[in-house]
Amino acid sequence: MFSKILIANRGEIALRVHRACRELGIQTVAVHSTADTDAMNVRLADESVCIGPPSPLESYLNITAIMAAAEITDTEAVHPGYGFLAENAEFAEIVKASGLTFIGPEPEVIRLLGDKVRARDAMIASGIPVVPGSKGEVKSESQAMKAAREIGFPVIVKAVGGGGGKGMKVVHTEASLINSYNVARSEAQQYFKNDAVYIERYIDNPRHVEIQIMADKHGNAIHLCERDCSLQRRHQKVLEEAPSPMVTVEQRKELGELAANAARAIGYSGAGTFEFLMDGDQFYFMEVNTRIQVEHPVTEMITGMDLVREQIRVAAGKKLSMTQDDVKINGHSIECRINAEDPETFMPSPGLITEYHPPGGSGIRVDSNVFNGYRISPYYDSMIGKLIVHGKDRDEAIQRMKRALDEYVIGGISTTIPLHRRILKDSTFVSGNYSMHFLEHFLKQV
Amino acid sequence: MFSKILIANRGEIALRVHRACRELGIQTVAVHSTADTDAMNVRLADESVCIGPPSPLESYLNITAIMAAAEITDTEAVHPGYGFLAENAEFAEIVKASGLTFIGPEPEVIRLLGDKVRARDAMIASGIPVVPGSKGEVKSESQAMKAAREIGFPVIVKAVGGGGGKGMKVVHTEASLINSYNVARSEAQQYFKNDAVYIERYIDNPRHVEIQIMADKHGNAIHLCERDCSLQRRHQKVLEEAPSPMVTVEQRKELGELAANAARAIGYSGAGTFEFLMDGDQFYFMEVNTRIQVEHPVTEMITGMDLVREQIRVAAGKKLSMTQDDVKINGHSIECRINAEDPETFMPSPGLITEYHPPGGSGIRVDSNVFNGYRISPYYDSMIGKLIVHGKDRDEAIQRMKRALDEYVIGGISTTIPLHRRILKDSTFVSGNYSMHFLEHFLKQV
Amino acid sequence: MELKEIRQLIKMLDGTDVSEIELTREGSTLRIARSIGGGEVVPMVTQTMVPAAPAAPVVQAAAPVAAAAPEANKDYGNLKPVVSPMVGTFYRASSPESPMFVQEGDMVKKGQVICIIEAMKLMNEIEAEFAGKVVQALKDNASPVEYGEELFLIEPA
Amino acid sequence: MELKEIRQLIKMLDGTDVSEIELTREGSTLRIARSIGGGEVVPMVTQTMVPAAPAAPVVQAAAPVAAAAPEANKDYGNLKPVVSPMVGTFYRASSPESPMFVQEGDMVKKGQVICIIEAMKLMNEIEAEFAGKVVQALKDNASPVEYGEELFLIEPA
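Residue numbers (the numbering used here), protein chains in the order written: chain A, 2 to 447; chain B, 2 to 447; chain C, 5 to 161; chain D, 5 to 161.
Just so you know, these hints were derived from the structure itself, not from any lab. Remember, predicted model here, so these are calculated numbers, not experimental data. Incorrect hints may have been included.
[To be verified] Heads up, simulated EDC-like pairs for lysine to aspartate or glutamate below, C-alpha to C-alpha not over 20 Å straight-line:
#: 1; chain 1: D; residue 1: Lys143; chain 2: A; residue 2: Asp396
#: 2; chain 1: D; residue 1: Lys125; chain 2: A; residue 2: Asp280
#: 3; chain 1: A; residue 1: Lys254; chain 2: A; residue 2: Asp282
#: 4; chain 1: A; residue 1: Lys167; chain 2: A; residue 2: Glu151
#: 5; chain 1: A; residue 1: Lys329; chain 2: B; residue 2: Glu342
#: 6; chain 1: D; residue 1: Lys114; chain 2: D; residue 2: Glu129
#: 7; chain 1: B; residue 1: Lys320; chain 2: A; residue 2: Asp396
[Claimed, not checked] A short, non-exhaustive set of chain D residues, derived as facing chain A with CB atoms under 10 Å:
#: 8; residue: Ser102
#: 9; residue: Lys125
#: 10; residue: Glu150
#: 11; residue: Tyr151
Every residue gets a Cβ at the ideal spot worked out from N, C-alpha and C, and that includes glycine.
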């Protein structure tokens, strides 16, 4: 096992990784920008190194600074968290070339899965269902028309190197295809410095369902149930739950086995997430996230596996601590992301936290880096914590979340807690039968 | 189900009961003394009623005031928590006579189990092993000598109406028996207004092991594993764990079935705890506590049963939500009681909490009524919270507790957190092989 | 926000005594601070938190009776309140047919019964602790009252 | 935000009495503060919390390098510190055999190399930002340094 890990991240995930290290008896190095000197993860770490000014480019995305910090602290491994450099194959390669362990898959696996076209091909080869679409990049207007006609409208034009909704265009009719194709290309060029686009069937009213997998370096891979992340606003997940209220036991098993098989086939190791669109009882592969997810706690709550601990263990070469047979789903879990935002306008609300009291009691978990007197800086994203509950069934989890949201006190700034209170009371949400468009409509109602 | 419950208690257990009510959709009435007007459970309750001045006799033990509060708020049931009136049969009777539901066993069952001699007879009748001892009260010096010789030295003289170590005398030789007998009688008279005493075999180096049971009003009773509460200082539990590191699977099953059978035999309903002394592989019955225990969360963590929720359900006449077969022990749980005391001298440390930040993350539960800015009053007991952890095994639970204790910030007062940090590092504690004398010796070491 | 707009904003401030302006629009925030009045410094003091107790997180529609915590030493000038020594139901007469023990304007003697608090079917007579004139009854007949809640205002004799 | 825009903004402020401007757009924040009026400085007093921040709960024996957070504006009187622009290892000479770049008491010119910070095997030469006399070296040769850590004290010429 490692004796010291550098945590190349900030916020709640940096604290989450620190906790896993502590419980494994591993020393931690926090790297931080000048804006985060007083952060909880920095205070709790065994060592801390200031790596640059607030701008992420000069600190949390500054590979040279992070590697220099690893060097001067004699670190053995680097945990990238999520976001920032977590899915940057070059970073993983540099860590490896420096003789350290990158806690995540091999660089070439990250690279393969980061390329949407190659990833899709690999999934098809493993028998994973994909959205009907063009075979790779669509290079001309005529190719675009041919592909769209084969797939059938509505279609969506997407950037090969993209993500986060940028460079995406939904096209309902042949008439508007060519224009959308050209706009998508130029947006792709602008945002991702790569104008390659491809075309897929557009799924009208899907759910977002993702399978958590975990694999070791000895060829073992297991699946750990799905998470339902259909509750989104502008492509940002807002609330997640596990298991999905709409996935059957058979679907869970089938999709899970496909994902674990694919992981084995591509030589995956560590934690990974296979994202799918669910349309009726059809599933379509979207992408694999080669890192721990924000919403990983809901999986931990229902499976009992500490995913971050397991990431570290398998990176150190250990075998998986569980077999597929050991994985039992116990109850239901929900996570609400608490953002420092106005709950109606979603304007960011940085500032000083003047009162802070998290909920307590049975079945409650709070993953947050903030505290009373902490100043939320305007430099980074607005998620300041996650409230996760566990109940013996979905109904108990919902009741518990409502109770916990009522107890949560965060003063001095605006947060999305009131939004979550409203969602938890909504009859469509309570029914479990909601799609990715639910939140959009819900927000318009009021 | 009830629509409104009055919580006749204060502190963390009042908040614990409030949370269970909230999750069941039941309205809560907090009763409080003038010292507790700003308490968290009072703020969170749907209604609150001030019932008297700080003195417990005039508020939390004031049956008239509590019943008047129930009356003016149209309460349907009363939850007594632990301590105060929780095991007062007269209170249970008054609640019942007023047409309300007392959340606990019937008054006559409380009365039976509160009488040590009658309780012991009932246990013998159910086949539960008891400490060899006199048949009931020992009424004279000559009876005392006869009984002690039959039992064999060392023996202990105990008050029939007693508890908490008062009116107890350990006797190692015949020569000192008569004197100790007389001292015990006069202490019993002084503390309990009843000079009746009895004699038992003295168990030299025991563990404190207790079985949690739950019973409904339809004759069903189940057992929910044991808790090990051997870590005590002056008869006060300091740290508890479940399961006990020294109890075997067979012992667990045998003792649990005996306890559940006894519960059925005496018409028990609600949550109850059968306390035993464990000496080698022998168990000796001590007493039944007819209420929820302080340390109930460790049982909740490993069985998944919400004991307070279940208390309320069965009091409302519902059947148990689990059968014995549904009870599966999952992992290990430890609870540290956090007291507002100097961790070395154990002097109480009331005062203003100027910083407060509870630990978070995976497998952590905090049950506490305090918050930043709360003033701990000197009128009540010094326990200000409980830190409970769950791990997949005892080792993970210990690592997690150490991590959580390191994160817990309580400023402005002294707490027993540093003591717990020391205990968690001790090799005897870590081995699991410690008796009820462990803490005493441990505290002398330094 | 365009540079042109920002320039207009700055210009707009000229000749006014506005020292700071903050504008938030469509995800953009603009803040302009000025030092006014010849060298006078405008300190940007961000006032710090009062380390406060959490505000009651859920302000539920509490039942009327229970909402009011006992009043904490209100200032009534020369009047003194009579507070309830117990929880219960407040009655101004010994039965619905009987006259009230005291009316507003009545003079009361020390020890005179001024109301009843019923708790657990027991009628507890409450006596005046001092002599004086009843200025105001603060509770309606048959109201529930908490321990320490104010019942009457009396002007001591 | 583009450099050009920023330059325009700064220019725009010239001749106005605006002391500070902060602009947030598409995730970028720009803040420009000026000291106006002949030496009168506008202090940006962001009064931050002292009371409530949890004290570092675990005071671990942190490794010497990591313990020190970058010093925040210590008062050195007429001396000015040179701070490290990056994380790395601090060297006072280009090789173990070479003489030190600067000794205490030396006069340095603006732009003169005064030390090296090694990061990822790259030797980064650090130049003096102003001329003056080296009064004190604050770090030993081959020490690890953080971003913003003070390296030398220089008395400006």
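The hints, checked one at a time:
Proximity of Lys143(D) to Asp396(A) is assessed by CA-CA distance (about 61 Å); at most 20 Å being required, the pair is judged violated. Using a Cα cut-off of 20 Å, the hinted pair Lys125(D) and Asp280(A) is violated, with the two alpha carbons roughly 52 Å apart. Annotation: proposed proximity of Lys254(A) to Asp282(A) holds, straight-line Cα distance about 14 Å (limit 20 Å). At most 20 Å may separate the alpha-carbon atoms for a hinted pair to count; Lys167(A) and Glu151(A) exceed this at roughly 25 Å.
Taking the CA atoms of Lys329(A) and Glu342(B), the gap is about 42 Å. The hint is violated against a cut of 20 Å. For the suggested pair Lys114(D) and Glu129(D), the alpha carbons sit about 13 Å apart, so the restraint of at most 20 Å is met. Restraint check: the Cα-Cα separation between Lys320(B) and Asp396(A) comes to about 19 Å, which is no more than 20 Å; the hinted pair holds. The restraint placing Ser102(D) at the interface with chain A is violated, with a minimum CB-CB distance near 22 Å, outside the 10 Å limit.
The closest approach between the C-beta of Lys125(D) and any C-beta of chain A is roughly 9 Å, which is under the 10 Å cut-off, so the hint is satisfied. The restraint placing Glu150(D) at the interface with chain A holds, with a minimum CB-CB distance near 4 Å, inside the 10 Å limit. This hint holds: Tyr151(D) has a C-beta 5 Å from the nearest C-beta of chain A, less than the 10 Å allowed.
Hints 1, 2, 4, 5, 8 from the earlier list are contradicted by this structure; the remaining hints agree with it.
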